[in-house]
Amino acid sequence: MPVSLLWAVDVYGRVYSLSTGGQQWEQCRDAQMEFKRVTAAQQCCWGIACDNNIYLNVHASDLPVRYQEETYENQRWNPVDGFSERLLPSDRWQWSDVTGLQHQPLDGFQLPSGSWEWEGDWYVDENFEGEPTEKGGWSYAIDFPATYTKDKKWNSCVRRRRWLRYRRYKAMDTWAKIPSQQTALPDPFSDISCGGWEISEEPRGRLSLWAVSLQGKVWFREGIYHHNPEGSSWEDVLLPGEVVQISCGPGDLVWAVLWEGQLIVREGISRDCPKGSSWAVVESPSPDVGAIHVAVGINVVWAVTKDNKVWFRRGVNSHNPCGSGWISMVGEMITMNVGLNDQVWAISCEDRAVYFRQGVTSSELSGKTWKAITVPRDGDRSHSSASANSLQSAGCYFCGEVRAQSVASDVESDAEKASADGAGCHVTSTSPESLAEAPTDSSNPPKPRIPKVTSDSFISELVSDREPGKSSRDIGSATPAVPEEESIPGEGALKAPCATSALSPSQSGGPPDPQWSNVDLEEAQQAQTVAVQDSADTCSLSSVATYTLAMDDPYGADEHPLWAWVSGGGCSVDSHSQLNWFNCSMNTSSLVSSVQSMSLSVSPAQTAAWRKQIFEQLSERTKREMDNFRHYEQAIEQSVWVKKGTMQWWRDWKPHKWIDVHFALEQFSGPDGNKDGILFIYYNYYEEKKYLHAFINEVTILVPVLNDSKHTFAIYTPERTKQRWPIRLAAATELEMHDWLALLSVSCCDSRAIQGPPSKQAIWSITCKGDIFISEPSPGLEAMPYPTPCDQMFWRQIGGHLRMVECNSVGIVWGIGYDHTAWVYTGGYGGGFFQGLASSTDNIYTQTDVKSVYIYENQRWNPVTGYTNRGLPTDRYMWSDASGLHECTKTNTKPPSPHWTWVSEWAIDYSVSGGTDREGWQFAADFPASYHGYKTMKDFVRRRRWARKCKLTTTGPWQEIPPIPLSDVTILPCAAQSSVDVVSVWAISNKGDVLCRLGVTALTPAGSSWLHVGTDQPFKSISIGAASQVWAIARDGSAFYRGSVSAQSPAGDCWYHIPSPAKQKLKQVSVGRTSVYTVDENGNLWYRQGVTPSYPQGSTWEHISNNVRKVSVGPLDQVWIIADKVQGSHSLSCGTVCHRLGVQPMEPKGQSWDYGIGGGWDHITVRGNSIEPPRLRLPSLTDPSSRRPVPVRNPEVNGNAVGS
Amino acid sequence: MADDKDVLRDVWFGRIPTCFTLNQDEVTEREAEPYYLLLPRVSYLTLVTDKVKKHFLKVMRAEDVEEMWFEYEGTPLKWHYPIGVLFDLHASNNVLPWSITVHFKNFPEHDLLHCPSNSVIEAHFMSSIKEADALKHKSQVVNDMQKKDHKQLWMGLQNDKFDQFWAMNRKLMEYPTEEGGFRYIPFRIYQTMSDRPFIQKLFRPTSPEGNAHTLGDLLKEMYPDALTNDGKSPHKGTRWVNTLRHSSYPTAYLSVISFGDGRK
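These protein sequences, in sequence, are chains A and B. Per this note's numbering, the very first residue in the first sequence carries number 1; after that it's consecutive. Per this note's numbering, the very first residue in the second sequence carries number 1; after that it's consecutive.
Simulated from the structure, these hints should not be mistaken for laboratory data. Hints may be right or wrong, so weigh each one.
To be verified - DSSO-like mimics (lysine-lysine), calculated; alpha carbons at most 30 Å apart, straight line:
1) B:K54 <-> A:K675
2) B:K148 <-> A:K689
3) A:K643 <-> B:K171
4) B:K138 <-> A:K368
As the list claims (entries may be wrong) - Which chain A residues face chain B? A few, computed with CB under 8 Å, are given here:
5) F615
6) L618
7) E625
8) F629
9) Y632
10) E633
11) Q634
12) I636
13) W641
14) S745
15) V746
Keep in mind the model is a prediction, meaning the values are calculated, not measured. Where a beta carbon is used, it is the ideal one built from N, C-alpha and C, also for glycine.
Work out the full structure, taking the sequences as your base and the hints as a guide.
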């Protein structure tokens, strides 16, 4: 789990954040002012400060927010001057945008705000549609607007070139003021909520930001994108009433609370219309008590009513944003917030602590219990002197400060009256300049006394604090988890409003609007005064009285923090997260004794050290007690051990079908002490009992093929690999399958004396299911002329789920998940279904992955009704998979296997190649054909793609490298003898940025930070060779070579453009010691000719092979591919590991292919294998040492001098 | 780097070279050769001495043979203690191999339990497992197991099948942290110089303050002199491995980790 932050504001307006990996609240010291509210997303946090301005804090990232400004310089030819800037009167501007309609001179570009800086000066783009242009970057045409080419022709009358300049957002990790709008913005904002990042596939950074002003208006911030984190302008949103608070979820839910206590729900929010179109009204949960607060997530809505009761809305989802009914929940809260994964936080009205809702899962969205977050704040002591001054100046922004103090109340109600004619309380009370100074500055003491309490918090306080009797309830602050009882309305009814309250809900809703603040304030203050007297000795924190200035400072160092606001929008936790928030207690209130804390007290390093010590002691014992007595007889003779079971087998003869078989594994000790075994499959063949067997030491791989109907796995031997026909077995349950797989896997490893983690030379591969397999290369694998045949390679699985993996020979391994998360290998083994002995206990972590399942909605046009879902009888299913052969409806489509669970609803997918129209449709003349994103006269069918995300949670030796999602990564293939300290790692982010990882060594394989390498267009593939030669493929399919990359200059200096092979778009590149191979989108494998040290770019592309999906070139220049179609004797396999034979220094292109494991393979990397093949002797295949892996216990052996 | 599995293996495959000699008082037809054997530390004497018995019976007449028992330097060896415990308790400071005297007469009724068949050992073993699980998991794990799972544990021990045993035993060793880990640490402290068989008390893995207990804490609480008595540290390590294993047979390893590193 990556570390993310929970944000909160205390009653003094200090902003704190709590890391999911941390154990204390860190104060956001950068904030030189107090804040009223904050709302967080994962990449940033917005807040309303006490100066009523909106501030934005963008979290620093290695990937800069960078915006490319462009403008075109246009010229026309005339016989006198040649090309000149003298244009015809009818022509476009000399400097314009790409359309020519906008006048855009270079000096017309301004930085949008003080938070931006220019990266450099303007320069000319010399790349035209993937091809380098001549110096000057001009492209030519007959006239404006027309088709431009990079070559000047006889009839080229006009030319233009593109100028580029980048600006960069610099205000990272600091609160930057959002410039207030010129067009008189309204009254100050009182509430703010961001969300909506899941409604489109835009990269992270697009947000919907909603704000509420004191007058009860709602505003929507337009134009917040990754490249424009500040947004552009505020847009007014029409309302049916006056809003006091608003909440926006990560998806399309937006709810707001009206002053009268009803709730309104925004409808019509979609990808194209994030602002939505209309409001629907939902009544308050309780008929008598209005709602005061609402918090929404993706599929949940929580509300708080004015009596502090908590409500959960049933049946809320994207299609029914209003939900179906309220359920009363346990707990009394002031505010709530829903974060990522629908997790819930709240601030209790009793002790003002932040509570986390435990047990919220996608199947139980309402969770189980409230649990207080009990971590201390940093510098808790030093802030005990939150002085009266700051209380006056800042604290009064925060809810609790409706004073009972009589002196103040006069002033306040006067102030209220003065502003009662509509404008709220304090529009101009604090000038923005005063913010620059510390707000605690005593120069403006009178002003802060004006109650800057926003209307909603006003109410919440008045209501929440009027029950002094509550403090006598059993649930004290010492009991952090409030046990959940049955939520029956009757229980809540017991807590009838206390008699001391002068503010009844009907009154609060009653008075005419301009008067409300006045009336309520006065009445409330009387009420509070009474409350003070009543509850003075109960010392209840829930009473407003304790907040008053008149009393002793209740915020002494020994008090727990009092929170005013919490935002979990950036906090990524789910039901699997291990949080350390609940058991560390501060000061004397340590009543929490949890065993979990034990895990805190022991670091993995200590455990490892301890284990090492025990191990050494045991070894010593063994030596002492056994070494001289090995010739003694063993007391217990080893015997054969048989495990039996029943399974189904995909029979070898036609018609192929599943038949019931008995399955048995006989294990025994071989003569050399190694364990070995035989697998038996007993079946009936025409009433005759027969069996099939396989020797465990011949099994090359066990592949789980879990699908939704059967728990199947495949067993390969070299023979079966040649046939492309494995032994396919199905177990009755998933558990049984995993038991068998784990057992068989241990047996196979035992028979080959393989144990522990993979060696540094290991070959890694990934199947189309995301399963990860490793193979220990034999010394003869790259031998000439008789290498170890590929089909004899033994593969074993390790836990985790990845889309690709890259490694090098010092043991650095990185992976990328389907959701583009980057992972680094931790050195462990096992995980997943390998438990107990087949798995290391250290270095195994939870890993998650998310991918989309796609189905297609197909329609045919008819002259009467247009496009309908009635197709021709011969047509494909109206809901199908991509091929159209299988029916896939929204309801019958299941996640890929039981391990996956849905995490979203079906949504139209617009990111389909070929483009779509606004509703996601693609058109074609007929099925199946090539589709395009617009309708023409000839199109009679259309389809659109629906996507639904599903999530897998597993374990494996992988740790996440947050936060930048990647699409490709490459690691410098170190030659075996070299002792490289810092290892170059390059990557492509999923947005196409090129990144260089700093600080990667064998000891710190995750490195420290990213260095961004500028490019003029997005990239998609990258590879670094043994001599630090970096090659990359751009999205337009052309190749780039990075010049001058070295240990001293890890990022190199500039890109050299290398055109792709004619009419082909490249998609992947791999660079070995000297060889450069690429694969294009049509499956062709290309070798770069003419690469020399003095001319590393090479000269031409040479075609090597077709049907290639992926290539991996290793540090010996060995070439391995994933081939698309390989014919075996029984069957054909797609996605097959193949090895190029005959590759030699003088013949780097090799001669032919040797076929290994497959199909269903997606990825392979051989970049860790730097074992030079033995040269002097012919490697013999029967030599047992050639089958043994490199010893894994001895890292030096692996790193150095192998094969010498 | 050493792994949990390596430690488990090393504990399991601990062997004590032993020389069995027939008691001089036994009536034999001809002189009995001593018999040399590697005894698994984790097993029971009567479970692994079939070969010894066969060996000596060859030189004896059937009517002279009663129940076999073992003695070391005058002390009858309790078969229901694990072999490793017996060795560490009585003989660890002596020269290897460990010489055990075999008796077929004069069974010391006051000191030893009878062991007429392996099913007695099995019953003893299973009751140890159950007792330990009662301490660790309120017996939840062992009760959830099926009869065949119990059998697998026993067969694993009987046939010295590490994988077979641990495939099942790991379930007994699981300690979900969120549920608070083990309730109590199953342990027994054996003493050389005491008449009491062993110390066995309830001992929680954590202190009331939430700190993890270590082996040192346990010793301090249970047996204040222990630390001073036993000087050699590697030796102590092994001693505890075996000692602790007894009470909760399979806990051998995890119990010790918990003590040693404080994790539990």
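To see whether the hints hold, each was checked on the structure:
Simply put, K54 (chain B) and K675 (chain A) have alpha-carbon atoms about 28 Å apart, close enough for the 30 Å limit, and the pair holds. Restraint check: the Cα-Cα separation between K148 (chain B) and K689 (chain A) comes to about 28 Å, which is no more than 30 Å; the hinted pair holds. For the proposed pair K643 (chain A) and K171 (chain B), the alpha carbon gap of about 19 Å is at most 30 Å, so the pair holds. With a C-alpha separation of about 25 Å, the suggested pairing of K138 (chain B) with K368 (chain A) holds against the 30 Å cut-off.
Checking F615 (chain A) against chain B: minimum C-beta separation of about 3 Å stays under 8 Å; hint holds. With its C-beta approaching chain B no nearer than about 4 Å, L618 (chain A) sits inside the 8 Å limit, and its interface hint holds. For E625 (chain A), the shortest C-beta to C-beta distance to chain B is roughly 6 Å, which falls under 8 Å, so the interface hint holds. With a cut of 8 Å, the hint placing F629 (chain A) at the interface with chain B holds, because the nearest CB-to-CB distance is about 3 Å.
Because the closest C-beta pair between Y632 (chain A) and chain B is about 4 Å apart, less than 8 Å, the hint holds. Hint status for E633 (chain A) relative to chain B: holds, with the closest Cβ pair at about 6 Å, below 8 Å. Interface hint status for Q634 (chain A): upheld, as the beta-carbon distance to the closest one in chain B is roughly 5 Å, under 8 Å. Residue-level restraint check for I636 (chain A) holds (minimum Cβ-Cβ distance to chain B is 4 Å; threshold 8 Å).
At its closest, the beta carbon of W641 (chain A) sits 6 Å from a beta carbon of chain B; the interface hint therefore holds under the 8 Å criterion. Against a cut-off of 8 Å between C-beta atoms, the interface hint on S745 (chain A) is violated, since the closest Cβ of chain B lies about 12 Å away. Of the supplied interface hints, the one on V746 (chain A) holds, with its beta-carbon coming within about 7 Å of a beta-carbon of chain B, less than 8 Å.
Violation of the numbered hints given earlier is confined to hint 14; every other hint is satisfied by the structure.
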